[in-house]
Every structure is written in C-alpha cells, then in structure tokens.
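Mind assembling these two chains? They're in different frames, but the hints should get you there.
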Amino acid sequence: MKSSNVIARERGTDLLTVRDLHVEGFSDERWHPIVRGVNVSLKRGEVLGLIGESGAGKSTIGLAAMGYAKPGCRITQGSVVFDGADLLSMSEARRRRLRGSRIAYVAQSAAAWFNPAHRLLDQTVETAVAHGIASRGEANRDAVELYKRLQLPEPETIGFRYPHQVSGGQLQRAMTAMAMVCRPDLIVFDEPTTALDVTTQVEVLASIRRIVEDFNTAAIYVTHDLAVVAQMADRIMVLRHGQTVEEAVTRQMLAAPTQEYTRTLWAVRKLVKPEIEARDHLLTIDNVTAAYAGRVKVLVDVSIKVPRGRTVALVGESGSGKSTLARVVTGLLPAISGSISFDGQPLPLSLKQRPKDLLRRIQMIYQSPDSALNPRQTVEDIIARPLEFYLGLKGEQRDRRIGELMHMIEMDESFLDRLPGELSGGQKQRICIARAVAANPDLIICDEVTSALDQIVQEEILKLLMRLQRELGVSYIFITHDISTVRAIADKVVVMHQGKVVEQGSKTEVLTTPHAAYTELLLSSVPEMDPDWLTQLLARRKNRGILDAAG
Amino acid sequence: MTSAEPLIQTTRAHRVRRTRRSRMRMALKNAPLSAWFGMGVILCYVVIALFAPLIAPYRETQVFSEAFAPWSHEFTFGTDQLGRDMLTRLIYGARNTIGIAFITTTFSFAAGMTLGLLAAMYRGWLDQLLSRAVDVLMSIPSLIFALMLLSIFGSSIPSLILIIALLDSTRVFRLARAVGLNVVVMEYVEVAQLRGEGPVWMLRKEILPNVLPPLIAEFGLRFCFVFLTIAALSFLGVGIQPPSADWGSMVRENATLITYGDVTPLLPAGAIALLTVAVNFVVDWFLHSTSGLRDEK
Chain A
1 MKSSNVIARE RGTDLLTVRD LHVEGFSDER WHPIVRGVNV SLKRGEVLGL
51 IGESGAGKST IGLAAMGYAK PGCRITQGSV VFDGADLLSM SEARRRRLRG
101 SRIAYVAQSA AAWFNPAHRL LDQTVETAVA HGIASRGEAN RDAVELYKRL
151 QLPEPETIGF RYPHQVSGGQ LQRAMTAMAM VCRPDLIVFD EPTTALDVTT
201 QVEVLASIRR IVEDFNTAAI YVTHDLAVVA QMADRIMVLR HGQTVEEAVT
251 RQMLAAPTQE YTRTLWAVRK LVKPEIEARD HLLTIDNVTA AYAGRVKVLV
301 DVSIKVPRGR TVALVGESGS GKSTLARVVT GLLPAISGSI SFDGQPLPLS
351 LKQRPKDLLR RIQMIYQSPD SALNPRQTVE DIIARPLEFY LGLKGEQRDR
401 RIGELMHMIE MDESFLDRLP GELSGGQKQR ICIARAVAAN PDLIICDEVT
451 SALDQIVQEE ILKLLMRLQR ELGVSYIFIT HDISTVRAIA DKVVVMHQGK
501 VVEQGSKTEV LTTPHAAYTE LLLSSVPEMD PDWLTQLLAR RKNRGILDAA
551 G
Chain B
1 MTSAEPLIQT TRAHRVRRTR RSRMRMALKN APLSAWFGMG VILCYVVIAL
51 FAPLIAPYRE TQVFSEAFAP WSHEFTFGTD QLGRDMLTRL IYGARNTIGI
101 AFITTTFSFA AGMTLGLLAA MYRGWLDQLL SRAVDVLMSI PSLIFALMLL
151 SIFGSSIPSL ILIIALLDST RVFRLARAVG LNVVVMEYVE VAQLRGEGPV
201 WMLRKEILPN VLPPLIAEFG LRFCFVFLTI AALSFLGVGI QPPSADWGSM
251 VRENATLITY GDVTPLLPAG AIALLTVAVN FVVDWFLHST SGLRDEK
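Residue numbers (our numbering), protein chains in the order written: chain A, 1 to 551; chain B, 1 to 297.
Chain B on its own, in the form it takes in the complex (with noise of 0.2 Å):
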C-alpha cells in the first residue's frame, strides 16, 4: 500500500478461463430434475418429428379397410375415422404441428422484438405509432380475429403462419417494450451514444442482449401458445387441413369414440399437454437462474 509502484491487480490463480460454453456446461450441471425432464420430453418430440417418416410404421395418410379399428399388434393405437393408423398420424402431427408453431413463433418473436426495441429506444411518435396499432389489434379477441382473417385469406398454411405470428407478435411488442425501456435508461447505452454508434449495434449490442433473458423465457410460452391456438384452430376446421395430421383435428375427428368408453382421442390431447409442461419447466428454470433469484433457506 505504502510503495510508490503501483500494484498489478490479477486475478485468482486457479480460476480457468470461462468461455461461454463452459459457461452453459455449469448452468446445465445444476439444473433442478424438473428442467431436465422438460429437456428431455423436448428432445424426444424433435426426433420424433425430425425423423417421422423412418418411425412410423405407415404412411401419413394411408387408409386400411377398418374404420375406429381398436389397439391391436397391426394398429398400436387403433384406426381413426377413416382408418388410419393412429400411431402413424399422431408421430406426423407432431412434425406438423410443432413445425408450424414453432415457425409461428419465430416470426412473431422477429417482428414484434424488432419493433418493441425500436419502440423502446427511439420513443417519441414511432413509439406512439406502434403501440397505438398494437392496441388496436389487441382489443379484439384473438381466436375470432384469427377466424375472421382465415376465412378472408382462406386457411392455407403459409397465411395461417403469418396470421397466428401477426397476431401474436403484438404481445411480444409489449414485453420487449417494456424491458427495453429499462435498459435505454442505462448508462452503457447513453455511453454508446455518446461514442456516436449508429442504431444497429445499440439494438444488437447494447440492448438486445440485456433483454434475452425475459424474452427467451417468453419464447417457451408463447410457443406453447401458439401450439395451442393452432390445435383450437383446426379442432374449429380452419388450421392445419386434411389430409395433413395435426394433433387438434385429430381431437375433433376421433371425439365420438369417448362416448365408447376409448381413451384413444386423448393421447394427441395427451401429447398436446405434455409437450406444454415440458416447455414450462425449462421455461421456469430457465427464468429462475437467469433472474439472479435466490433460494431461502
């Protein structure tokens, strides 16, 4: 302390250098039981859908003689009402469905993150511009706004993706706003300023990695959302169209049977709500260790 040479400060000895990687590695090493369940559900609907055709035993829309077939050795899961194999249809669905919603999302989560952190750092009319049409797009219910628009646009995939993600986007816009507004506050952006950066690397630099955390967390719900409205949809006859499999219709067409005493509708509704629990514990997780929460004791 008393020496005239100043001290090099250094760090400890034994810490390694820290990569990203190494990082997650830690992260991952203490994730709670829960989380890698979720993970591991995640994973196996990825294969299941990455892979459909090498593990199904049939074709996606190959017909047998027998309508409502029960389970048996032929049919794991019976026949539908046209006598597809169940089995067949629910492991396409799963390639459809999430496909779709998993596109959905992204685009939605593009647009309105883009937007929001515009919103957020230029405020002023563009602020004012934006979030005003949001509102106007949320004040109308979501399910009939996006059966009015499907019935205008006709329900093909490509306008059922742009219309889910449109309508869906408005919700990111707000959350991304918001947590952005708390970050153009900060000294490192006014720094950035400062330095006269332009406003792609504020968005991209600056900001945007600061307000991931709650977005990537949002991403797993909406998701499920998403997943969600696309099943409602076609259970109402206007998403995903037969022949294609998807989860909702395959509700909708087998329903009847639940009056028999067969539980094989429930298993798309089934995988439906797993893949929505399974999202939310790494959504959770996810949240819980990136929030700097602590436990108490």
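Only chain A is shown next, with the shape it has when bound in the complex (with noise of 0.2 Å):
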C-alpha cells in the first residue's frame, strides 16, 4: 500500500519548494546564522524527515517553511514557493490566510499550545471557523470525524472536556485534529512525540501516519529520533549547523548513509554496558509506601536493591512512580511504611533527620540542567558548594579540585565564569554531574538525566557517567523510559507500573526473556529503526489484541 502511494507522489508536482534559505537568530548581542542555505522541495503527500541535533535549525526550517520567524530570528535570504505563490514576498495578511487553513503547525508539547480555558471541540474547529471554511455545525461534525479517524476514546464527546481533562497522548491527537480541520496541504510536525511515553508514542505516530495518507497531506517531520522519523518520513535530510549534510528516501538513507555524520547518528543507538555481577548491596529498599499529602498511595510495597558500584535502571512510564522512589530515596518525601538501609545502617526516612554527611553520600541528579541549576551561579560557584560545604576545602585545595572535576567532565577551566544560560545542554549537565561528584557520593540518583538531550550528547553524557562509575565506584539509580538508554547503561533493571515493582532482575534477563505481560508491551513500543517496524507492530498487536490492554 505505502509503495503504491510513494509511486503516486513522484509523479505529483512540486507543493513546496525552499531555495537556498538562510535564518538568523540573535543572541550574546549579536546576529549568528541558524539556517545556511537549505534547499528543500516537497510534493503533494510526501513525507519529508528533518532530523539533527538541537542547534541544528531544523525547527526553523519548519517554521520558516510557513513562512514564519521566531521573535529574536529573521529570515534574511532565499525564497519559500508554496503552491506558486512566495511566501516570504506576500503581505503579512494573505500568510495569515494561508496559515491555518492551507498550511497548519503541530507543536511539540500540546500541553502549552491549548488553552486551557476552553473545550478541545471549539479549539479544533476555531481555524476553520474563523477562516469561514465551515460553518460551525459542519467543522463540529467534520471534527468529530476526525476524531475517530485519530483513534481517539469516545469521539463523538471527547471534544466537550477541556485539555486538563484528557492524557498528553490524546491532546497530542486532538492537536493533529485541530491541524487537519481545513483539510491542509501541508502539516508541519514539530517533534510531536518527544514528549510522550514509548507506549503512547506508538499510538499516536500510528494515528498521525494514517491520517496523513488517507488524505494525502504534505508533512514536514521534524525530529531528533532517527527511529521515529525513520517510520514517518518517505525522504530524511540530515542537518547539521544549518546546513544539509545528505538528503535521501528513507530506506536508502537507513541502509547506506553517504556521509560520516550520519553514520555518527545512526551509531548512537547501538551503546551496549556488559552486565557485571555485584558483590554486595549498598541500597536495600524494603516494602516501602509512600503517599502524597496522605491520600493517594504513589508506591505500594516496593522493594528493590542497588547492588554497590552498579547501575539500576527503574524503568517505567510517566505516573509510575519512578520519580516518587527517588524522593523518597533522598528523604523529600519520607515514605509511610517500610524501611531502607544505606550502606548497612537504617536510613532515616525523613531529610531532616539526616546527617549531613549521610546526606553527603547520595547526590541527585536532574532531567533539566536549566531549572536544576541556579541561574544567578557561575559555574564556580555551582561547583564550589558542596566542595565547602561538605568538605570544608576553602583557597588553593578548594581551586585545585575544582580544576580536576573539571577535567573528570571533559571542560576547561575557561568556563569557571559563565552563567548556566550561557551554556549548550550537555555542557549544563556535565555540570550538574561535576556538583554531584564533587560531594563524594556513594551513590548518585539520575532522573532522566538524558531525555532532554540530544542522541549526540546523551551518548556523551552515558560515556561520561559510566567512566566516573569505573573510577570512582559510585552507584547509580537510573531513571528512564528510554530502552536503549538502559541496554547503555545498566546493570539491573527494575521495571515499574502504577506505583508498583512489575519485575526485577538483571538486564539481560528483563530485556531478553521479559516475564510480565507490561514489561513486554514496554519493550515492544520502543521504536526501531527497521521502516517496517510500525507497520508489523500494529498488525500483531491487532492480532493479539494488546493495544486495547494497554489502554
């Protein structure tokens, strides 16, 4: 079916076509280039792929597609030829026709793009009404259609709740709705999954796909997961600092990248830690429950080891409650019943009552450098802290460790005195690392340290985090929902539903031979980048009906 369609769309002409665009963006006081000279040309019902690093002005590309700059960017050559008609030449007020009824935008985090203040029925049709496309009567019916074209519960009521009321998945849809309501020619998707659990991913790039080739829209795909986009997409260009670095059909692309870069790329995902035995715990979790404000139970019963010197992975997606068991690791949240040991000593279950150097020996590590470092720091006296405060190093010691947990985070010294906003990501988190390290710690907890980097840098930061557990012994918790983060890393894996230890053992044994039904749909949402890999999914889960189980 896919082969007869992409035959269909060669023949078609040219919708879209970008001639030699360049982008600027300012920032540090001054204009830097952001998109340098990108070509692209698009026809009718053609998926296209974007993928790169962030940096790599591949969401400018989009945007820019639209024929739109961000505040803070200006678009300051090339042509952008929608349908024949320049977008960059035309008055702002015909671009606002167009936008919205022939050209529509699916953002990354639907979650911010509602309003909450309205149902998800008049925000769906509010384009098309307003464009005088429908009538209102007829945009609510035609959206209710789509709905159920998206697979979403209850199609014919769901549009009355308001965006708080549905799951991030289902907004995600309601936004692809929202998008298709004009019934336009070109949708640009922004990342529309990156924000989702594996296991709504599937549906949702399921629904996105479909919707796409039954009404046979242009799509520009924008993403850093070659996996997903190697699903979506009919043709992949690689960026790389605003330039094209190769541009090929997707299988071709998959099967022989032409470039170097590429090849890094595709590379990432193939990290894999041999799983060493442990000899002795240094963490033992027993049966704890703990609750938020007393009511409802977040973790019931868990119990889990950490074996010293090693990595487990608490896998799970979000509302599992993964996060809840590092805060109650780290006392923020003492847990209710049961009790944890820490190096054979009871561990106070409340912060407060916690030495300071028990409080020493287990540092966290957060999902976002931005808000986990403090804006008004520099990077001195990020690192500085815990360097005094926990070990009393004050002059020429406290400089010289400073200088060596530098280098144990591959950085110079010429960062010292910058800010954390005039940092890249990675580098925000190798600082995070360095303040965790510098305190000694026998144990680190990371919550998705590496989600909201790219696959670039995350295989960075994994390479760095387990050259410091060779060198320095620590252990670490690991939290994630990404799979090939855990094949990278770990050494144990403990696998997490709805507050509860699902299954647990060592990685080879949960990842090969997975026992629980929920570990089993955990690992076969995870995408491949086999292009087949969604379509054969979705026609054995229908055969063996798990897509319903999983709600």
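Hints should not be assumed to be uniformly reliable.
Coverage of chain A stretches by chain B, computed from C-beta distances (three or more under 8 Å per stretch; other residues unrestricted) [unchecked claim]:
hint: 1; segment: 348-359
hint: 2; segment: 365-371
hint: 3; segment: 381-389
Straight line, CA to CA, 27 Å or less: simulated DSS-like cross-link-like pairs of lysine-lysine [claimed, not checked]:
hint: 4; chain 1: A; residue 1: Lys500; chain 2: A; residue 2: Lys463
hint: 5; chain 1: A; residue 1: Lys297; chain 2: A; residue 2: Lys352
hint: 6; chain 1: A; residue 1: Lys305; chain 2: A; residue 2: Lys356
hint: 7; chain 1: A; residue 1: Lys273; chain 2: A; residue 2: Lys297
hint: 8; chain 1: B; residue 1: Lys205; chain 2: A; residue 2: Lys352
hint: 9; chain 1: A; residue 1: Lys273; chain 2: A; residue 2: Lys43
hint: 10; chain 1: A; residue 1: Lys394; chain 2: B; residue 2: Lys205
hint: 11; chain 1: B; residue 1: Lys29; chain 2: A; residue 2: Lys356
hint: 12; chain 1: A; residue 1: Lys297; chain 2: A; residue 2: Lys500
hint: 13; chain 1: A; residue 1: Lys273; chain 2: A; residue 2: Lys305
hint: 14; chain 1: A; residue 1: Lys70; chain 2: B; residue 2: Lys29
hint: 15; chain 1: A; residue 1: Lys352; chain 2: A; residue 2: Lys305
If you are wondering where the hints come from, they were derived from the structure by calculation, not from laboratory data. Just so you know, even glycine gets a beta-carbon here, dropped at the ideal spot from N, CA and C.
Encoded structure:
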C-alpha cells in the first residue's frame, strides 16, 4: 500500500519549494546564522523527515516553511514558494490566510499550546470557522470524524472536555485534528511525540501516519529520533549547523548513509554496556509505601536492592512512581511504611533527620539542567559549594579540586566564570554531574538525565557517567523511560507500573525474556530503525489485542 | 567522535572573561534614549538633594519682607506666602522629600521582601499568618489608615517613615511571596535543600538573586508611590511639618496664586511629576531588559 503511494507522489508537482534559505538568530548581542542555504522541495502527499541535533536548525526550517520566523530570528535570504506563491514576499494578511487553512503546525508540547480555558472541540474548529471555510455545525461534525480517524476514545463526546481532562497522547492527537480540520495541503510536525511515553508514542505515530496518508497531506516531520522518522517519512534530510548533510529516500538513507556524520548519528543507538555481577548491596529498599498529602498511594510495597558500584535502571512510563521513589530515597518524601538501609545502616526516612555526612553520600542529578542550576550562580559557585559545604575545602585546595572536577567532566577552566544560561544543554548537564561528584557520594540518583538531550550528546553523557562509575566506584539509580539508554548503562533493571514493581532482575534477563505482560508491551513499543517496524508491530498487536489492554 | 580520548570542551577563544561590571557596561550601552533621559534626571535630582546648601541661593527658612513676590533677579521664582525664596525651598524640598521617600521605600522593601520570601519558602502556618495579617492591613484604604495612625502617633518624621513603610510593605510582601513561590519549586532550590543548606543560604543565595529583577523594578514604582503619598499627606497637612521645605506642602501653601494666573505653585508639582516619569522610564527599561522579552519586528 505504501509503495503505490510513493509512486503517486513522485508523479505530483512540487507543493513547497524552499530555495537557499538563510535564517539568523539574535543572541550574545550579535546575529548568528541558524540556517545557511538549505533547499527543500516537497511534493503533494509526501512526508519529509528533518533530523539533526539541537541547534541544527530543523525547527527553524519547519517554521520558515510557513513563512514564519520566531521573535529574535529573521529570514535574511532565500525564497519559500508554496503552491506557486512566494510566502516571504506576500503581505502578512495573505500569509495569515494561508496559515491554518492550507498550512498547519503541530507543536511538541500540546499541553502548552491548548488554551486551558476552552473545550477541545471549540479549539479544534476555531481556525476553520475563523477562516470561513466551514460553518460551526459542519466543522463540529468534521472534528468528530477526525477524532474517530485519530482513534481517540469516545470521539462523539471527547471534544466537550477541557485540555486537562485528557491524557498527553490524546491531547497531541487532538492537536493533529486541529491542524487537519481545514484539510491543509501541508502540515509541519515539530517533534510531536518527543514528550510522550513510548507506549503512547506508538499510538500517536500510528494515528498521524494514517491520517496523513488518508488525506494525501504533505508533511514536514521534525524530530531528533531516528527510529521515529524511519516510520514516518518518505524522505529524510539530515541537518547539521544549519546546512544539509545528506538527503535521500528513507530506506536508502537507513541502509547506506553516505556521510560520516550520518553514520555517527546511526551509531548512537548501539551503545551497550556488558553487565557485571555485584558483590554486595549499597542500598536496600524494603516494602516501601509512599503517598502525597497522605491520600493517594503513589508507591505500593516497593522492594529494590541496589548493588554497590553498579547501575540499577528504573523503567516505566510517566506516573509509574519512578521519580517518587527517588524522592523517597533522598528523604524529600518520607515513606509512610517500610524501611531503607544504606551501607548496612538504617537510613532515616526524613531528610531532616539525616546528618550532613549522610546527605553528602546520596546525590541527585535531574532531568532538566535548566532548572537544576541556579541561573544567577556561575559555574565556579555551583561546583565549589559542595566542596566548601561538605568537605570544608578552602583557597588553593578548593581551586585545585575544582580544576580536577572540570577535567573529570571533560570541560576546561575557561567555563568557570560562565552563567548556566551561556552553556549548551550537554555542558549544563556536565556541570550538574560535577556538582554531584564534588560531594564524593556513594550513590547518585539520575532522574531522566539524558532525556532532554540530543542523541549524540546523550551518548557523551552516558559515556561520561560510565567512566565516572569505573573510576570512582559510585552506584547509580538511573530513572529512564528509554530502553536504549537502559541497554547502554544498566546492570540491573527494575520495571515499574502504577506504583508497583512489575519485574526486576539482571539486564539480560529482563530485556531478553520479559515475564510480565507490561514489560513486554514496554519493550515492543520502543521504535526500531526498520521502516517497517510500526506497520508490523500494529499488525501483531491487532492480532493479539494488546493495544486494548494498554488502554 | 570516534577517538577513544575524550574531547575537552572549551569556550570560543575570542570571548573575554565576563565580569559583572562588563555585563553592566554592555547593558548600559544598549539602553534606549528614554532610559538615558530618566537616569540623567534622577542623577540631577540626587546631586541637587545632596548639595542643597551649596546650590541654593538662600537658607531654607530665611524669610524676606515681601510675601508672594514676583519672579525677579533677586528671587528667581519669587517668594512664598511667608516671603521665603521659592527656588531655595524647591532645592531643599528635593532633599527632604526624596530622602524620606528613599528611606521609607528601603524599609518597606527590607520588611516586605524578607517576610514574603520566608512565607514562600516555609508555606504552612507562617504563610497563613503573614498573608492574612497583610490582607487585613490592605483591606483598609491606605491613605485613610495613614492619616489615622499619624494622628495617633503625631506627625514626626520617624513616625511618618515607619507608618508609610509598614503600609507599603504589604504590597511588597505580596509581590515577593508571589515571585518567590515560582522560584522555590525550582530544582536548584531542591538541590540546596538536599545538600542540607540552612534558611539563610537558601534565602540569600538561591532565592533572592532570582526574584530580584521584578523586585527592583517594583522598588522604582513604589518609590514613586511613597513619594506621592508623602506629598499627599503634606498637602493635607500631616506630612512633613513646617518649616521644613517639601514639595507637597509647597503646592498647598501657594495654591491661591493659581487664581491670579501665576504658575509658581506648578513648579513643585512639576518637580514631582518629572521625577516620577524619570523613575518609570528607568524601571521600564530595566524590566524589559531583565524579562528576556525580545522585540518583534
């Protein structure tokens, strides 16, 4: 079915032609080039995947395809011709008429794009009604039809709910419906599934792909996830530093990338750490139950052993209680029952009862280095504080140790006077790691530390963490929802679902022969590089009806 | 990428080390004209207030024979209802009015900010207690409340400062608590908490620097309001007491001249207006540059 579509698309004329596009962004008191001479052509019904690390300019190109540049950015050169008309030279009023009706946009975080004060249905049909394309009644009927096609539950009534009353995956599909309601010729998808769990992502991907095929809509699909783009795109364009590295039909690109950079992108997902048996346990969590505000139990009867000098990966989707477990271990949320022992000694449940030296031995690294680093403190202040606070280092000793730590995280001392806002995402995360390591801890809890980063940076950070473990013998509790990360770092895997431990055991045991149905669902939902993966998975699930079980 | 030796990350070489001073210089360089105007005016006022005895042609309370004298070489802006030189009174008025307003605003910020941030940090009963107390104070119209308190404690300058500072600190409290609440949920505050930091460090190093921009902007605005409150109270006769010069009472005392087509009473009023506008220009610029807003073309 797909191959016949591809043939039909190749016969069509170009819907969108971007020629020699240059975009600049303003930062550091100067204009910097973001996109440098990119050409894009897109036929009707064709899906183009744009991939690259952050800062490669992929989202900027996606927006420029709509004739738009974000505040602080400007299109300096080039042309964007949509269906014979140059978007850049036409009046703003004409552009606005095109946007929403013939060109639509689906953003990464639907939760931030929906107005929480209006019902989904009203927001879905708003553009169609505003552009005078359909009457409200017609548009409402059409929206329900779209909800059905996007496989939203209760399509007749879901439109009457408010954004906070539906799940993230449903909201993302509602946003796709919002984009489709005018039957646009072109949709720009800007990382629509990045913020979703793997199990939800599969459903959203399947819905988006079906609806784009049904209406023969052209799409630009922006993502940094190769496996996802392999499922969605007919053609892939690899970008780096605002320039095209390589462009080819999906299968060809996956099978035989011609550029070195593309091959390194492909290689990232293949990082695997051999698993090592542990001698003894550093942390033992026994039958712990925890609840927020004394009401809803978020953790029920959780027992986990963390081997010394090894990595335990906590896996599960959002809401499974992974991060809550981290809060229980750190003492921010004292458990209501159960016990925790650390290095043979019982660990006081509440943060306030723990002496300073015990606090030093358990450190934490967060998902988002942006909010984990105080924006008003320099790198030096940030790293020096644990040294001064826990170890009482002063003067030359302190400076020497800072130097050592900076070297450990592979950065030089020219960064010391920088504020976090002046660093890249990967560098910020390195600073967070340095801050944790500065305390000479025995256990570091890593809460989704790589999920906000690009794949290449992810790999660097994971390698760094592994090296530190080898050198310092520190243990990790690694919270993640990404199975390829688990393969890269874990010795032991704990699968959590709805506040309970579903399965735990050595990495090979859990990943190769999962016992629990949930583990199997989770593992099978992880996208693979094979472009037929999604089609085959959906066929398999249809046969076995797992999809229904997943809710 | 493929080499086993890790690549050491380094900054771009052409960048010089940035100090706080160089950041400030850069910000000043990009300041708009309105901000420069505002800063110029404020600087003038400060110089006049500091060097009033050197600049003024006569002494503050020196009385001449002719009351309501017209503008002349001897009395640039004429004399007031008692025969005191208007220009001299204007210059000394800057000293009294601005000085008192500045001290009052500083007091109200010290109190409001500390309590507001404490309430944001600890929540619970402390927050409830402080917030409700502030609600009670705010429920009474502040000018009337100030009049009442001044008539109880007498309108000396210390009581004037303390009473206005107390009433004004309620607004600062609310703002500080609101912006503080957004900061205390940040993970870097949690990091400090996990590290075992005490309340002083949390307040001073983790929270305060991040709530400062809106508070400094508010300082500028509240300074104007305090200024206007003092002028209003003086106009009503319970503010700064004679014979000290102050702009509010100067307007009141010479108001009758307006009916004769003499603009002299507008001069102190104009001085108040100009300073208010100047402070607001600077505050606007400061807010704009720290909020990270970018101008759309």
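Given the proposed pairing of Lys394/A with Lys205/B, does the C-alpha separation stay at or below 27 Å? 19 Å, holds
Lys273/A and Lys305/A: Cα distance at most 27 Å? 20 Å, holds
Coverage of the segment 365-371 of chain A by chain B (three or more Cβ within 8 Å): holds (count 3)
Assess, step by step, whether the Cα of Lys273/A is no farther than 27 Å from the Cα of Lys43/A, and give holds or violated. With a Cα-Cα distance of about 43 Å, the restraint between Lys273/A and Lys43/A is violated, given a limit of 27 Å.
Coverage assertion for the segment 381-389 of chain A with respect to chain B, Cβ distance below 8 Å, three residues required: holds (count 3)
Taking beta carbons only, do three or more residues of the segment 348-359 of chain A come closer than 8 Å to chain B? holds (count 4)
Is the Cα-Cα distance between Lys297/A and Lys352/A 27 Å or less? Judged against 27 Å, a Cα distance of about 22 Å means the pair holds.
Pair hint outcome, Lys205/B versus Lys352/A [Cα-Cα no greater than 27 Å]: With Cα atoms ~20 Å apart, Lys205/B and Lys352/A stay inside 27 Å; holds.
Would the hint linking Lys500/A and Lys463/A be met if the CA-CA limit is 27 Å? With a Cα-Cα distance of about 30 Å, the restraint between Lys500/A and Lys463/A is violated, given a limit of 27 Å.
Distance restraint between Lys305/A and Lys356/A, which requires alpha-carbon spacing of 27 Å or less: Given that 27 Å is the threshold and the Cα spacing comes to 24 Å, the pair holds.
Run the distance test for Lys297/A versus Lys500/A: straight-line Cα separation, threshold 27 Å. With a Cα-Cα distance of about 10 Å, the restraint between Lys297/A and Lys500/A holds, given a limit of 27 Å.
Lys352/A and Lys305/A: Cα distance at most 27 Å? It holds: about 24 Å lies between the C-alpha atoms, which stays within 27 Å.
Of the numbered hints stated above, those contradicted by the structure are hints 4, 7, 9, 11, listed in ascending order.
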